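Please model the complete structure; the sequences and the hints are all you need to start from.
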Amino acid sequence: MLNVIVSRLKQGHRTMVYPSGPAPELPDRFRGRPSIDPEKCLTGCRLCSDVCPGKAIVVADMVRIDMGRCLFCTECSTACPQQAISFTNEYRLAARNRQDLIVVPGKQEALPAARLDDRLLGMFGKSLKLRQVSAAGCNACEADTNVLGTIGWDLSRFGIQFVASPRHADGVLITGPVSRNMRLGLEKTFLAVPEPKIVIAVGACAIAGGPYADHAEVENGADNIVRVNLYVPGCPPHPLTILDGLLRLLNRI
Amino acid sequence: MNHEKLRMVTLVNGQSVELDAIALLAPDAFQTVVADAVDVGQRVASLFAAPARQRGVTQLFAVLVNTQLSRLHIVRTEIHGGQYPSLTNRCPQVHLFEREIAEQYGIKPVGHPWFKPVRYHESWTGRDAWDRPAGEPILPGVCDFYRVEGDEVHEVAVGPVHAGIIEPGHFRFQCHGELVFHLEIALGFQHRGVEGALIGGPDARSIHYAETLAGDTTIAHTTAYCRVIEALSKCRKTARAQTLRGIALELERMANHVGDLGALAGDIGFLPTMSYCGRIRGDFLNMTALLCGNRFGRGMVCPGGVGFDMDDARVEKLLRQLDAAEKDATVAIELLWDTPSAMARFENIGRLPKQVALDLGMVGPAARAAGVEVDTRNDQPSGVFRFTHIPVSTYDTGDVFGRAYVRWLEIQHSIQFIREQLHTIPSGDILNRAGSLLPNRIAVSLDEGWRGEVCHVAITDDDGRFMRYKVVDPSFHNWPGLAYALRNQQISDFPLCNKSFNLSYCGHDL
Ligand code: SF4
Ligand code: SF4
Numbered sequence: 001m002l003n004v005i006v007s008r009l010k011q012g013h014r015t016m017v018y019p020s021g022p023a024p025e026l027p028d029r030f031r032g033r034p035s036i037d038p039e040k041c042l043t044g045c046r047l048c049s050d051v052c053p054g055k056a057i058v059v060a061d062m063v064r065i066d067m068g069r070c071l072f073c074t075e076c077s078t079a080c081p082q083q084a085i086s087f088t089n090e091y092r093l094a095a096r097n098r099q100d101l102i103v104v105p106g107k108q109e110a111l112p113a114a115r116l117d118d119r120l121l122g123m124f125g126k127s128l129k130l131r132q133v134s135a136a137g138c139n140a141c142e143a144d145t146n147v148l149g150t151i152g153w154d155l156s157r158f159g160i161q162f163v164a165s166p167r168h169a170d171g172v173l174i175t176g177p178v179s180r181n182m183r184l185g186l187e188k189t190f191l192a193v194p195e196p197k198i199v200i201a202v203g204a205c206a207i208a209g210g211p212y213a214d215h216a217e218v219e220n221g222a223d224n225i226v227r228v229n230l231y232v233p234g235c236p237p238h239p240l241t242i243l244d245g246l247l248r249l250l251n252r253i
Numbered sequence: 254m255n256h257e258k259l260r261m262v263t264l265v266n267g268q269s270v271e272l273d274a275i276a277l278l279a280p281d282a283f284q285t286v287v288a289d290a291v292d293v294g295q296r297v298a299s300l301f302a303a304p305a306r307q308r309g310v311t312q313l314f315a316v317l318v319n320t321q322l323s324r325l326h327i328v329r330t331e332i333h334g335g336q337y338p339s340l341t342n343r344c345p346q347v348h349l350f351e352r353e354i355a356e357q358y359g360i361k362p363v364g365h366p367w368f369k370p371v372r373y374h375e376s377w378t379g380r381d382a383w384d385r386p387a388g389e390p391i392l393p394g395v396c397d398f399y400r401v402e403g404d405e406v407h408e409v410a411v412g413p414v415h416a417g418i419i420e421p422g423h424f425r426f427q428c429h430g431e432l433v434f435h436l437e438i439a440l441g442f443q444h445r446g447v448e449g450a451l452i453g454g455p456d457a458r459s460i461h462y463a464e465t466l467a468g469d470t471t472i473a474h475t476t477a478y479c480r481v482i483e484a485l486s487k488c489r490k491t492a493r494a495q496t497l498r499g500i501a502l503e504l505e506r507m508a509n510h511v512g513d514l515g516a517l518a519g520d521i522g523f524l525p526t527m528s529y530c531g532r533i534r535g536d537f538l539n540m541t542a543l544l545c546g547n548r549f550g551r552g553m554v555c556p557g558g559v560g561f562d563m564d565d566a567r568v569e570k571l572l573r574q575l576d577a578a579e580k581d582a583t584v585a586i587e588l589l590w591d592t593p594s595a596m597a598r599f600e601n602i603g604r605l606p607k608q609v610a611l612d613l614g615m616v617g618p619a620a621r622a623a624g625v626e627v628d629t630r631n632d633q634p635s636g637v638f639r640f641t642h643i644p645v646s647t648y649d650t651g652d653v654f655g656r657a658y659v660r661w662l663e664i665q666h667s668i669q670f671i672r673e674q675l676h677t678i679p680s681g682d683i684l685n686r687a688g689s690l691l692p693n694r695i696a697v698s699l700d701e702g703w704r705g706e707v708c709h710v711a712i713t714d715d716d717g718r719f720m721r722y723k724v725v726d727p728s729f730h731n732w733p734g735l736a737y738a739l740r741n742q743q744i745s746d747f748p749l750c751n752k753s754f755n756l757s758y759c760g761h762d763l
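Note that the protein sequences, when read in sequence, are chains D and E.
The opening residue of the first sequence carries number 1 in this note's numbering; numbering runs sequentially from there.
The opening residue of the second sequence carries number 254 in this note's numbering; numbering runs sequentially from there.
It should be emphasised that the hints constitute simulated quantities derived from the structure, not laboratory data.
Pairs of lysine to aspartate or glutamate residues, derived as EDC-like cross-links and limited to a Cα-Cα distance of at most 16 Å, are as follows:
hint, chain 1, residue 1, chain 2, residue 2
1, E, K487, E, E271
2, E, K570, D, D28
3, D, K10, E, E579
4, D, K129, D, E195
5, D, K55, D, D214
6, E, K369, E, D384
7, E, K607, E, D649
8, E, K369, E, E437
9, D, K10, E, E587
10, D, K10, E, D576
11, D, K107, D, E90
12, E, K607, E, E626
13, D, K107, D, D61
14, E, K580, E, D536
15, D, K40, D, D61
16, D, K129, D, D154
17, D, K55, E, D456
18, E, K570, D, E25
It should be emphasised that the depicted structure is a prediction, and the values quoted were computed from it without experimental measurement.
Here's what the structure looks like:
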């Protein structure tokens, strides 16, 4: 017992001050929101879209990067002879609308909307219980969702908790591209959650299939099965990106 | 027999040879070579099928690990038609490989004792080993399960969706009261078609498949993938890149091991260690992010070297963070060993005898905890591990405690390794671009991931594209070990036993 107390003293208090204080420091090599410089991009060369593993770049009248498909590998920025594409340290990427994940050249980046509608906010704003379903995720999105429960992040201080039964849940947090073999499991879990309910898609896989997009074995993300209320881009998203999304969804920051 | 032995091709880890150098054995000679090798202590790292030039013919390849010689042996044979006599009865460790071959290529291992699908998908050849009607949906986990009959026997089914944030799998227990007679595990829910999609590569996606084969094992799998590419393109890595890869690999091991020890403490309700370790795991992930910007090492390892260099400031910061994490981890984890009530829940639970671990061909900490001295870093060293020696951490109880304790030993060795390496990083470049792949060759690459041996094999076609790419995650070897360890245990100890193995679902399901 004494050991436990001594260890407790040695470990100290480690829950971060965010969001009432500054966000935890991100590594200098962190790759957040992409940015496209319209002055530099010679639209039409397609070198960026040719190398993109996520099929995230469309080159038409201008270059557009779909953060929902992006793996944040930076192959595009390496391939660009003009250095038109760069990755900023902006970690706030989550959005309510799928369209808001599309990055276009030069546009001043306003934070995409994430807030729930008033009715749902009234119900879930102070207490949100989620059932997590991994549907062929690689366990990185799962792990960095799970980490929010540890003492550093302490998700439960916001009234957000992961629960064991869908019957106790207000919504489902989905990771993975939704394999054909998990489709039924996801559908049944979703059905078991009482109405009204919300869906959060975490990671490139859950948004659009990620590295496995267009494989016959997957359903290209949660969107094709259920209606998604919040998209959190990344492969995997940083825990701070997920937390920021959840807090903005609940209008807590 | 000796004659056949001479016809085995012998390689070192990370080498490639011409496909033609591997003599074709007759099917029965192939089986004799594999079974005899296992009898004398070798292990089957991989057994897989690949197309042959002739229609209707399938090749089988076996990769054997020879620990004594620190060498790998490859043998192959050809199967004409849709079946061959199963090897499983003679050599139990190939049981899952034979099921996988059947599922992918529609070839029946006649006489296989428990012939079921592995991942529940259609075959790649249009031929079905279970004679299921074409077009009929294949439902995961829907099949016969081993059953114990009797008035007081009951069956418990769990999953695919579990209570926590965890990947899906289905577990069937045959119980008598609280006592488990038998556990059968059905996986395949995470199947996303990675091996099939690698055929025809390498392309823009290939490395991302490698990085996400098991997302918590990014460094080990990606290093194995890159070493295959390097072997097939005769690309030399720089010493600096090798060292940085080794550091990243050990950071990955520590993050996961610390996380597992915390989760084990959580499963027995010992909250101090659980809380501390949950956070310290994050500290190790953040060290990986310091190297490459991503907590799981995405982008760190790439063909020809590494994607991110090290500088003095980073070395210093890493050393500081390492010191702090070591201090915290020591307090948190030693608390576990010093608490008798915690130890009582670890000892003698989920025992796996050494002989069973050997028979099943198990790898990694689960095997080492049962006294099997197997560690790729030591037995088949590659990269920086050719020049530094990390002791093999073993224990002899094969129980939950053994699996936990081996992790702690490994954490300590890894910290020491990284500290030494950080002081002696060779100078030079970090990347030599790998060119195109040589045609008609085979390359094998092993790595000691935190769960154990990661094995990648690639075979190129006439154009230097992947004709076949075979991945074996350590979990593929070890899931049956978990099932075995549950025998005669209380069903309530399942979460604890499961966590003590902490195997990958996506790495198994591919
Ligand atoms: S960073 Fe995103 S957009 Fe750029 S190549 Fe990679 S996946 Fe494509
Ligand atoms: S988005 Fe990336 S990290 Fe997340 S599950 Fe998919 S592959 Fe893994």
